[in-house]
Structure formats: C-alpha cells, structure tokens
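Respectively, the protein sequence lines represent chains A, B and C.
Start counting the first sequence at 15; every next residue gets the next number (the working numbering).
Start counting the second sequence at 106; every next residue gets the next number (the working numbering).
Start counting the third sequence at 98; every next residue gets the next number (the working numbering).
Read the hints as simulated data drawn from the structure, not as lab findings.
Just so you know, even glycine gets a beta-carbon here, dropped at the ideal spot from N, CA and C.
One or more of the hints may lead you astray.
Claimed, not checked - Derived Cβ-Cβ restraints for the label pairs, each shown as a range: (1) 164(B) x 100(C): 20 to 30 Å; (2) 122(C) x 286(A): 38 to 48 Å; (3) 115(A) x 102(C): 52 to 62 Å; (4) 172(C) x 115(A): 15 to 25 Å; (5) 21(A) x 214(C): 32 to 42 Å; (6) 184(C) x 19(A): 51 to 61 Å; (7) 112(A) x 198(B): 15 to 25 Å; (8) 360(A) x 184(C): 36 to 46 Å; (9) 193(C) x 19(A): 50 to 60 Å; (10) 374(A) x 184(C): 44 to 54 Å; (11) 110(A) x 198(B): 24 to 34 Å.
Claimed, not checked - Quick list of in silico lysine to aspartate or glutamate cross-link-like pairs, EDC-like style, CA-CA up to 20 Å: (12) 303(A) x 366(A); (13) 134(B) x 184(C); (14) 48(A) x 112(A); (15) 179(C) x 201(B).
In case you want the letters, here they are:
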Amino acid sequence: MSIYDFMTMRHELILVCLVLLVLIIDLNLKKSQKHRIIPIAISLFFIHTVIGFLPAQTGELFGGMYKTTGLTILMKNILNVGVLIILFQSTTWLKKEENGEKISEFYILLLSTLVGMNFMISSGDFLMLYLGLELATIPMAALAAYTHHQSRSAEAGIKLILSSALSSGILLFGLSLIYGSTGSIYFDTVGALYSNAPMQVLAFIFFFTGMAFKISLVPFHLWTADVYEGSPVNVTSYFSVISKGASAFILIMVMYTVFHSIAYLWKDIVYLVAVLTMTIGNLFALRQKNMKRFLAFSSIAQAGFILLGIIGGNKIGMTATVYFVLVYIFSNLGAFGVISAISAKTGKESMDDYDGLYATNPKLTLLMMLSVFSLAGIPPVAGFFGKFFLFTSAASGGYYWLVFIAVLNATISLYYYLLVVKAMFINKNDTPIAFFKSDIMTRIGLFVCALGIFVIGFWSQVYEFIDKLTFAIIN
Amino acid sequence: MTGSIPLQYFLVISTLMFFTGIYGFLTRKNLITMLMSIELILNAVNINFVAFNRYLYPQNLQGHFFTLIIIAIAAAEAAVAIAIIINIYRNFRSIDVDNVDEMKF
Amino acid sequence: MNSEVMFYLLAGMILVFSVLTVTSRKILRAAVYLLFVLISTAAIYFMLEYTFLAAVQLTVYAGGIVVLIIFSVLLTSHISEKAIMADRRQSLMSALAVVAGALLTLFTILRFTFTPSAEPAHTSTVTDVGNALISYDRNGFALPFEVISILLLAALIGAIIVARKEKDGIVLMKNKNLSK
Numbered sequence: 015m016s017i018y019d020f021m022t023m024r025h026e027l028i029l030v031c032l033v034l035l036v037l038i039i040d041l042n043l044k045k046s047q048k049h050r051i052i053p054i055a056i057s058l059f060f061i062h063t064v065i066g067f068l069p070a071q072t073g074e075l076f077g078g079m080y081k082t083t084g085l086t087i088l089m090k091n092i093l094n095v096g097v098l099i100i101l102f103q104s105t106t107w108l109k110k111e112e113n114g115e116k117i118s119e120f121y122i123l124l125l126s127t128l129v130g131m132n133f134m135i136s137s138g139d140f141l142m143l144y145l146g147l148e149l150a151t152i153p154m155a156a157l158a159a160y161t162h163h164q165s166r167s168a169e170a171g172i173k174l175i176l177s178s179a180l181s182s183g184i185l186l187f188g189l190s191l192i193y194g195s196t197g198s199i200y201f202d203t204v205g206a207l208y209s210n211a212p213m214q215v216l217a218f219i220f221f222f223t224g225m226a227f228k229i230s231l232v233p234f235h236l237w238t239a240d241v242y243e244g245s246p247v248n249v250t251s252y253f254s255v256i257s258k259g260a261s262a263f264i265l266i267m268v269m270y271t272v273f274h275s276i277a278y279l280w281k282d283i284v285y286l287v288a289v290l291t292m293t294i295g296n297l298f299a300l301r302q303k304n305m306k307r308f309l310a311f312s313s314i315a316q317a318g319f320i321l322l323g324i325i326g327g328n329k330i331g332m333t334a335t336v337y338f339v340l341v342y343i344f345s346n347l348g349a350f351g352v353i354s355a356i357s358a359k360t361g362k363e364s365m366d367d368y369d370g371l372y373a374t375n376p377k378l379t380l381l382m383m384l385s386v387f388s389l390a391g392i393p394p395v396a397g398f399f400g401k402f403f404l405f406t407s408a409a410s411g412g413y414y415w416l417v418f419i420a421v422l423n424a425t426i427s428l429y430y431y432l433l434v435v436k437a438m439f440i441n442k443n444d445t446p447i448a449f450f451k452s453d454i455m456t457r458i459g460l461f462v463c464a465l466g467i468f469v470i471g472f473w474s475q476v477y478e479f480i481d482k483l484t485f486a487i488i489n
Numbered sequence: 106m107t108g109s110i111p112l113q114y115f116l117v118i119s120t121l122m123f124f125t126g127i128y129g130f131l132t133r134k135n136l137i138t139m140l141m142s143i144e145l146i147l148n149a150v151n152i153n154f155v156a157f158n159r160y161l162y163p164q165n166l167q168g169h170f171f172t173l174i175i176i177a178i179a180a181a182e183a184a185v186a187i188a189i190i191i192n193i194y195r196n197f198r199s200i201d202v203d204n205v206d207e208m209k210f
Numbered sequence: 098m099n100s101e102v103m104f105y106l107l108a109g110m111i112l113v114f115s116v117l118t119v120t121s122r123k124i125l126r127a128a129v130y131l132l133f134v135l136i137s138t139a140a141i142y143f144m145l146e147y148t149f150l151a152a153v154q155l156t157v158y159a160g161g162i163v164v165l166i167i168f169s170v171l172l173t174s175h176i177s178e179k180a181i182m183a184d185r186r187q188s189l190m191s192a193l194a195v196v197a198g199a200l201l202t203l204f205t206i207l208r209f210t211f212t213p214s215a216e217p218a219h220t221s222t223v224t225d226v227g228n229a230l231i232s233y234d235r236n237g238f239a240l241p242f243e244v245i246s247i248l249l250l251a252a253l254i255g256a257i258i259v260a261r262k263e264k265d266g267i268v269l270m271k272n273k274n275l276s277k
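One chain only, chain A, in its complex shape (with noise of 0.2 Å):
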C-alpha cells in the first residue's frame, strides 16, 4: 500500500483534516469572535465539495473494508452539496445570541457525522458498515440536543440515542448470527456463501429490523416525529435529507450485493414494509399541525417510496433510487429551508401561522410551492421524473398491484402537500408573519435549491450519467 494509495478515500481525509481545522480555528477564537468561524467552515467545506467532483480513483483498500466506485463518489458528491447547502442555510439560526458559544461544535459534529456516512457508503465489509452507522448517529444526538433551553431538544436527543442503540443492537445481533454462519464480516465472502437455511433468513431478518429503524419505515418509525419535532429545524433538515439518504443507498447496496441469494424472499418482506410506510406515513402526515412534524412524516412516506426502486430489483431501480435520492435532497432542503428562515426570525413553526404569508413573504412563498410540488410529484418540476421513474421500475419487475398503492398514496400525498400552498396563497391572516429579509448566505442557500428543483428535472443528462455508473454495480 502506497501513499498514493490514500488518494482513493480522498472524501474521508479531507473531510476529517477539516474537522480538525476548525477544532484548532476555534481554540485561537476569543469568545466574542465565535461567530467568525461561520464563513471559514462554509468555505472550507465549499472547497471540500469542489474537489469532490474532480475525477477520482476508484479500487479497494485495507483488504476489502473500504471500496470507491464511480457510484460511491457520486453519492458522496450529492451529500455534500445537500450539506452545504443546509450549512448556507443555517447560518441565520447560528448566529443568534443562544448559540455564541457553541457555533464551531455545530460544524465539528455535523462534519464527524458526515464522515461517518462517508464511510458507511465505501464499506466493504460489516464491521465499516456498523461503525459509519454510530459515527452517523452518536454526534447527531448531541447536534438533536443542540438547544438548552428547550427541554424539547433534550428529549429529542434521548429518543435518537436510545431508539438508534436498540436498533443497533438488534442489526448487530443479526450480524452476528451472519458471522457464525459464513465465517466472516467482508461482504464479497458473506455475498459468495449466504444461503435460505432458515437461521440465515432469522440473521437477516434482524439486520433488516435494525436498518429499518435507521430509515424510521413503518412499523419501526415511532421515534421519528419527536425527534424531527425537537431538533433545531437544520438539524432535523439534515436528519430526514442526509441521513436517511446515505442509509437507504447503503441498504441498496447490502441487499444486492449480500444477500442477493435470498433475493426472492426479502422481495416479499420489502413489499409489506413499502406499503405500509407509504400509507402510515401520509395517513399521518394528514394531522400535522407543526411543519417539521408534517413533513416529519412525509418524509417516511418519501422512503416507502425509495423501497419501491429495491424491490424493483432490476438496474433501472437502482438509478431510480439515485436519482430520487438527489431530487429529494433539493426538494426537502427547499421545504425545510423555509421553514429554517421563518423559524430562526420568527420562532413560528405551526401551519396556521404560515397562513397569508404570500401577501408578505412572496418569495418563500414561490420557494416553498415549488418544493413542495416537486415532494408531491406535480409534472413540470424534478420530483415527477423522480417518482416516475422508481414507478417504471417496480412496474419493470412485475410489480404492478405496488405500482397502484403508490400512485394512489402520491395522490393522498398530494392533498395535504396542497394544504401547505393553500394556507400560504388563500386562507385569510390577520397578524401574517411580518416581511423580513434572511442574511445574505441563507438566501444563496434557498436560491440553490430552487435551481436544483429545477434544473435536474429538465436536463436529461443528469438521469443518463447516474445510469452508466449503475451498470457496473448490479451486474
């Protein structure tokens, strides 16, 4: 192994020389001059996100546990741009005085969980994958109970930790069981040697329980709300975006490369769970009063839709799922920006307050329509081709009572998705949330989502690039 060698987990060293840039930045800080690190980190991790994209190395290091492939440095690339889009926009929030102290801690925990996903997303074998996974979430219950005096965020942070390290522990019981049946941790073996012998189906049953948690699909989502509800609004935007995209492309990755033998069974298993996140997760979304717990739950209905793409099973699925993946970051990031800017001026969250905000906020107002069209799937904006294209993909593989169930919840979906414009653009306000104007780097944070929403939609390339990197990963 050569020093050269290095340069293939490029993502992950300069993610991590990064974290403890602004670690020792911080310490040379005077307590009146926190704030300063606002602009250094952002364009620190601007430069970080431009270098992602130039060409990489691909290939395997430490004897299999770590992987690039052209597919995990895409992903890696669309995670960070959804990162640094949530730092741009969270810098409003940042700056107030509650905060002054603790800014640089912000960065710190949000980038270390970052790594953590970058390394779940290149493992190659269980021991990367369990360990990206606590790194992914550990810091994040610290960022959930960011906020002291709101009870609300420490309860937030417990939940998270306590729910994720029962799933944890469940996940892990299951790889054991993996391990003592094949003899080893590293995928490629365990893929080669992983039968349907009946203690093989029960380890992968467990595995399958403890991701579910991770991804909060039903019936292991019960955690999720309080936890969206209680975290500051750019930590939950994060939760819902980023998180639960790199667990989900993972999960993709495991289930075809690990246990692609037992792939007619997990089918029927996925299939349940789809339905049921789909359909639980909008008829909750219905009765949501708060904005981050509305779209809390709309976003569990999001991921039943990204196990659509799994069970399609075929490669059309797999760059639907990307694709989806990165269209749902824009869209989310657009919604929960908003709601971000309103809440950091304001404090106000509840949909009733968001009534007439057209009237003063005309510009929000057009943002948050366009996300949330593109989260419901209306034609002309990204979200259409998104969920399109993971329709075409289950219907590809046969599965056409599924297909039905999701059109009809993307219909559900749509109505209380038209709630949220109807308050802002009809119903009638007395007092409507006075017109107010972000700081500059907010605004390029919201501006970038609307041209993501619809650029992706409307360049082709996009689609056709994600395909040919899918290629080499079904086959």
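Given chain A's structure and the hints, the job is docking chains B and C onto it.
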C-alpha cells in the same frame, strides 16, 4: 479451557440475555435503566461473536475485533446518552419516561 | 470437568443477574447486577482464552460504563427511590412477545449445523491482537481502529456540548472526564 462444552450453550446464554435486554427496554420507564438494558443487548451480541470466533473460525480474529469495536462504541454511546440524561434532569427534574413527554402524537 | 463446573456457574450468574437487572425496582441495585453480568462475561472471555478482550471488558465496561451509570444514578435520583415499572398489562404483553421471540430464535439457531473451519487455529496473544490492529491487509483492522478515534473525539465533544451549563458558564466536568 472450554473442555467439552458445546458451542450451542454459549448461543443459548446470549440469546436469553439478548431477549432479557429487549424485555427490559420495553418495560422500563427510567431512562438510565433503559440504557442498562441496551448494555445487556450489546453484551449478548459480544458473547455471540467471541464464541463463534473461538469455536468455528479461529484462523483469524474477526469476531474478536468486532467485539472490541462494539465495546468502544458502547462506551461512547453511554457517555453521550448520560450527558443528555443529565441535561433532561435539569429541565424536567425527573428522568422517567412518563414525565419526558412534552410532545404527543 | 473443572472448566465445565465453572462454565455452568458463570452461565447461571449471567442469566440470573440479567433478569434481576431488568426487573429490580431499585435503580442502584440494578446497576450493580449489571456489573455482575459484565464481570461474568469477562470470565467467559478468559475461559475462551481471549485474555486481552477480557481485560478490555473489565476496564471499559465494568470499570468505565458501570461507574458512569452509577454516577448518573446518584446525580439524578435518591438511592432509596423505587423505579416506576410498566403497568401489568404492558409487562405481560412484552413478556409474551419476548418469550415468543426467544423461543423462535433458539429453535432456529439450535437447528442449524455449524461447520467449523478446517484452517489451523490462530493464537490470540496480545502480540497477535496488536499486529492485527495495525495491519492493513485482509483481516487487519487498521481502518476501524482509526475511524473509531474520530468517533470518540466526536462523542467527547458532543457530550461536553450537551452537559455544559450555559448560564454561569461552568462546564460540567464529570461527563468529560468519564467519557475518555
């Protein structure tokens, strides 16, 4: 040193311990005791890994190292969880789940 | 013969104290029962000749985590305080579900025939553990070893952020020291 003890005995212990931990997690109402149930679950997993490693695949140390990493992560997890529990205690003056429920469905 | 007696003794201790950990009404006692479970597990690691692992189990788990738990019990509740338990119906339902799950799992595991590997056994002295820990080939664990250092750093910072008192600016040192 294990003599004639079959592998299955270890698996029975760890499985029973695992489900005891799950039972504790479901019935306990105090945050710290819930954390203790999780430690039981992780410990059961560790016994599994170690026994498999020793009995079936002693040619390398994969199970051994998996256990080592789990122990380290459990320590980190416990530290963060207890930090949050202390924070909750400051806010609620209680660490029972029934009192920590500002948010409802 | 001796090792068998030892094993049954340890197995009995683990099971009894596990059940006591999750059913004891006094929190501090539950913590001590947990300590017994963890020490018995360390003894099992010794029996399996994983001495390094047993030492880690004793220092980190028994010495670190349990002490942390006992500290937090003392900080947050009175020694004599009784833990609130779930109501009878919930306990019964959980017990039923757990027993069913345990039976199913045991049944499946015991029916499976494990085939031991034919390859010669590797020793597990501290030298072997150390070599594997810094090896970057297959069956080497240099990468997880490095990644977990990032995790510990992040957990350390996270614990400080959460437990820090803000109003008077006093950092609560307890968590910081213990989480190291």
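Verification of the hints:
About 23 Å separates the C-beta atoms of residue 164(B) and residue 100(C), a value consistent with the hinted range of 20 to 30 Å. The beta-carbon spacing between residue 122(C) and residue 286(A), approximately 39 Å, falls within the hinted interval of 38 to 48 Å. Taking the beta carbon of each, residue 115(A) and residue 102(C) are about 59 Å apart, inside 52 to 62 Å as hinted. Range check, residue 172(C) to residue 115(A): Cβ separation about 24 Å, and the 15 to 25 Å hint holds.
Separated by about 36 Å at the C-beta atoms, residue 21(A) and residue 214(C) satisfy the suggested range of 32 to 42 Å. Taking the beta carbon of each, residue 184(C) and residue 19(A) are about 59 Å apart, inside 51 to 61 Å as hinted. Separation of residue 112(A) from residue 198(B) is about 22 Å and conforms to the stated range, judged on CB atoms against 15 to 25 Å. Checked against the hint of 36 to 46 Å, the C-beta distance between residue 360(A) and residue 184(C) comes to roughly 42 Å, which is consistent with it.
Restraint check, residue 193(C) to residue 19(A): a C-beta distance of roughly 54 Å satisfies the suggested window 50 to 60 Å. Between residue 374(A) and residue 184(C), the C-beta spacing of about 50 Å keeps the proposed range 44 to 54 Å intact. Take residue 110(A) and residue 198(B): their Cβ atoms lie about 27 Å apart, and the range 24 to 34 Å holds. Pair hint residue 303(A) plus residue 366(A) holds up; C-alpha atoms about 7 Å apart against a cutoff of 20 Å.
Taking the CA atoms of residue 134(B) and residue 184(C), the gap is near 10 Å; set against the 20 Å cutoff, the hint holds. Distance restraint check for residue 48(A) and residue 112(A): the Cα-Cα separation of roughly 12 Å lies within the 20 Å cut-off, and the hinted pair is therefore satisfied. Our distance criterion of 20 Å between C-alpha atoms is met by residue 179(C) and residue 201(B), whose separation comes to about 11 Å.
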